[in-house]
Amino acid sequence: MSNNSWFKIFVLILTLSWSGSALSSSEKPLRIAVASNFTPVLKKLLIEFHQQTNIATQIISGATGVLFLQIKHGAPFDIFIAADSTRPLQLEQQNLVLTNSRKTYARGQLALLSMNSAAQLNDLKKVPQRFAIANPNTAPYGKAAKQTLAHLNLWSRYQSKLIQGINVNQTFAQIRSQAVNSGLVANSQLVLNNLSGAIIPLSYHQPIAQQLVIIKSSKNINEAKRLSDYLLSAAVQKKIIRFGYAKFTDGVLNITKAGS
Amino acid sequence: MTLNLNFKINLNPFNLSIKHELSLQGITGIFGHSGSGKSTLLRAIAGLERNINGSIILDDIFLIDSNDNTFVKAEQRHIGLVFQDTRLFPHLNVLDNLKFAAKRCQNRRLDFNEVINLTELGSLLHKHVDELSGGQKQRVSLARAILTEPKLLLLDEPLSALDRQAKINLLRLMLKVQRELQLPMLYVSHSLDELQQVCDKLLVLSKGKVIGYGGIHHMIHQLNYSQNETSADDFIHQQTSLSLPIKTLNNGHGLAVLSLSSSLSECVDIYLPALGEKSVQISEKTNEQTLRCFILASDISISLSEPLNSSIVNHLSAEISSVNIKGNNVLITAKCNEQEFFVNISIFSQQKLALRVGQSVYLQFKAGAVRTYLY
Amino acid sequence: MINPDLLALYTTLKMAALTTVILLLIGTPLAWFLAKMQSRFKVIIEAIVALPLVLPPTVLGFYLLIAFSPQYLPGELWQQATGQQLAFSFSAIVIGSVLYSMPFVVQPLQKAFEQLGEPLLEAGAMLGAGPMDRFFNIVLPITKASFITAASLGFAHTVGEFGVILMIGGNIPGETRVLSIALFDHVESFDYAKAHILAISLLAGSMVLLSAIYLLNRPSKKIVQRGRNDS
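Protein chains in written order, with the numbering used here: chain H, 5 to 264; chain Z, 253 to 627; chain F, 781 to 1011.
Honestly, the hints are just simulated from the structure, not real lab data.
The structure presented is a predicted model; accordingly, all values stated were derived computationally and were not measured.
A portion of the hints provided could be inaccurate.
[Unchecked claim] Pairs of lysine to aspartate or glutamate residues, derived as EDC-like cross-links and limited to a Cα-Cα distance of at most 20 Å, are as follows: (1) Z/604 x Z/590; (2) Z/403 x F/902; (3) Z/325 x F/898; (4) Z/351 x F/902; (5) Z/351 x F/913; (6) F/924 x Z/382.
[What the hints assert, rightly or not] These stretches of chain F come out as covered by chain Z in the derived footprint (C-beta under 8 Å, 3 or more residues): (7) 900-906; (8) 910-918.
[Said to hold, decoys possible] Label pairs and their calculated CB-CB ranges: (9) H/54 x F/976: 25 to 31 Å; (10) H/233 x F/806: 48 to 54 Å; (11) H/243 x F/809: 54 to 60 Å; (12) H/233 x F/783: 27 to 33 Å.
Beta carbons are placed, not taken as given, at the ideal position from N, Cα and C, and that holds for glycine.
Hey, can you work out the whole structure from these sequences and the hints?
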């Protein structure tokens, strides 16, 4: 091929690329940044939300930590549905979110999953060779897992056996692929995948409050508020619990404080 | 054409330092041993060396002058260069290699097909360059350089990678091109035999310095005295270098006859093996047929009386003009009809015959001792 | 509404194509400069170019995220110049990809230029060809294979890029949501069926693309023959 025709191809690609990017930036749907372990649930809930409100949405799914970092640096999201309460609180303290928009929309439920047999709570007392939990320092379900083991006075015996996932999704994948036989994961993961495990009593750890916030710089604040209201409505809350999240027995206010 | 060199280049073992004016007509040879700086000199003239201190002036044009930062780029000098390693473009065939040059030539005085005929490339045009023999490649390289219609053509050891027959062919081609295009050439070589055949003048370099510049035969004779035998590589055959008019190419007895004439005395004939037409050169000055040849000093012997009853065909009456003794070897210079001949004999013979300056002797050598590289 | 995975495919191809073009435009002079450079700073520049090979993508992505955000100078300058935010835009992931895939384009080109050396360029100059003329009519045709290698490596590496885009892209459909991230999303949300389809099509597409490039780039019969003669 001659140099000339290569050059023409370059120009063509350049032209196409810029024109393409100009086209795609014209529409502005509601951009929902959502923690990846809540994404499947949110997708199902949005079907009804869309029917009711006719609001167009765009799901941006990612790890809570990454989404938090991106929002901090100006990511153009409207609402942030996190998997914990720490990051929403930090955003609030940094004055990046709409006042009074921080709400707990779900409460995480920890579960013991074993791929060998139907897991029993008592199984925890037999310390296995390997045991998967999410990173206790960064992942809310990991923190709860550590508290659970400490509550049962098993933490020191488990410490050398732990395989730590970046987040609870990785931990779940490690167990499901049978790379590790058992571990503590989110109950919602079991529900979504039609698996059964042993529910960890809520009294074993501090509550896993999952919070949402509306981003201050959003140009879709009204739509974001409607989504927030929708998710917190009694009907939807029931649905969320059916997806494997815990019930609000202690009241919202209390749980909100637990995050700080 | 005048080339004025006055510059210095730092080379590793020594500096190339030249201050000389060359008058470029015909083919000027540049001789020196490897590492003498001759290729660097050529590259400096071509514009491929940047770190030059001084100036190079070609016909009043400053190609380089470090004093006022003048540097004419290689592509703007109108100088051609034939490289030792041909440097044909591997992505182009022969025709396209030649066109590459022709397209970038502004004058277009030369006819493309004429150059192809001159260099006998007609049958190779559509061959890929890697299908060519060494000699063919160098012919393409020469044709390519000519097609840029340079003012001056530089040749950097163009023959060194070729076999003997290819060397002969290319030397003939160089002479033909020079004659037809009247293109001045600077021809770098470490082979005195090749230079002797084609050059009109010779510049001799040693360790980055010019140690001699003059007519080809004169310079070769000068080199006879500066013989040093420090290494086999540096060895130069002491010789008598000649360009003589041809009387007969073949006298019917397998011999050709040259005449060693002089205004003062009668004509002396020199016999050598019969010649083919191709070895003949036409002298530019007299337009007569001449032959470039040489006789090694070790091939000539000296007799005090005329060796009439000898099978050796050439015997010339001469007068010894110098006797140079170096160890056991003696270099005798004898003049016959103003022509110097160089004879190498042992100190034993020199003492036995009591040879001295001014003595009249007979020089004798076989027909086969008269050698010509192109033959 | 358009299938989100197809949209991601489109975004990916657009990003990779644009990145490749920019990389060739920037990488060629850079590689040339490095091949000809003799200064001791050469090593430092080479190391900087090769940095993305050692630096974990998410680390590179993190620092790019900071640099691109409007709070810091590069992002601020961009915003002043274009009126748009750099971080989380299509431009951001293209710039990120250019930096991240740089060694894959610069290194093969640099090697090719070094291998080509001066001899043929000097021959070109002696025939009256200036620098640009020499580049387009000697360097480019002789090193064509290396350009194709560089472009295909740059393109393929950009298609497979994940960590940097994850950080600076923001996963916005039609803008910064590319195939690798869409795939990751499917895995994260337990949508394994979609993940498998995407993975298989990504794999098949890459295979077809790379095979086509290597097929185009296959030495012709003549060159094979030449190789034999040389030996």
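Those earlier numbered hints the structure runs against, lowest number first
1
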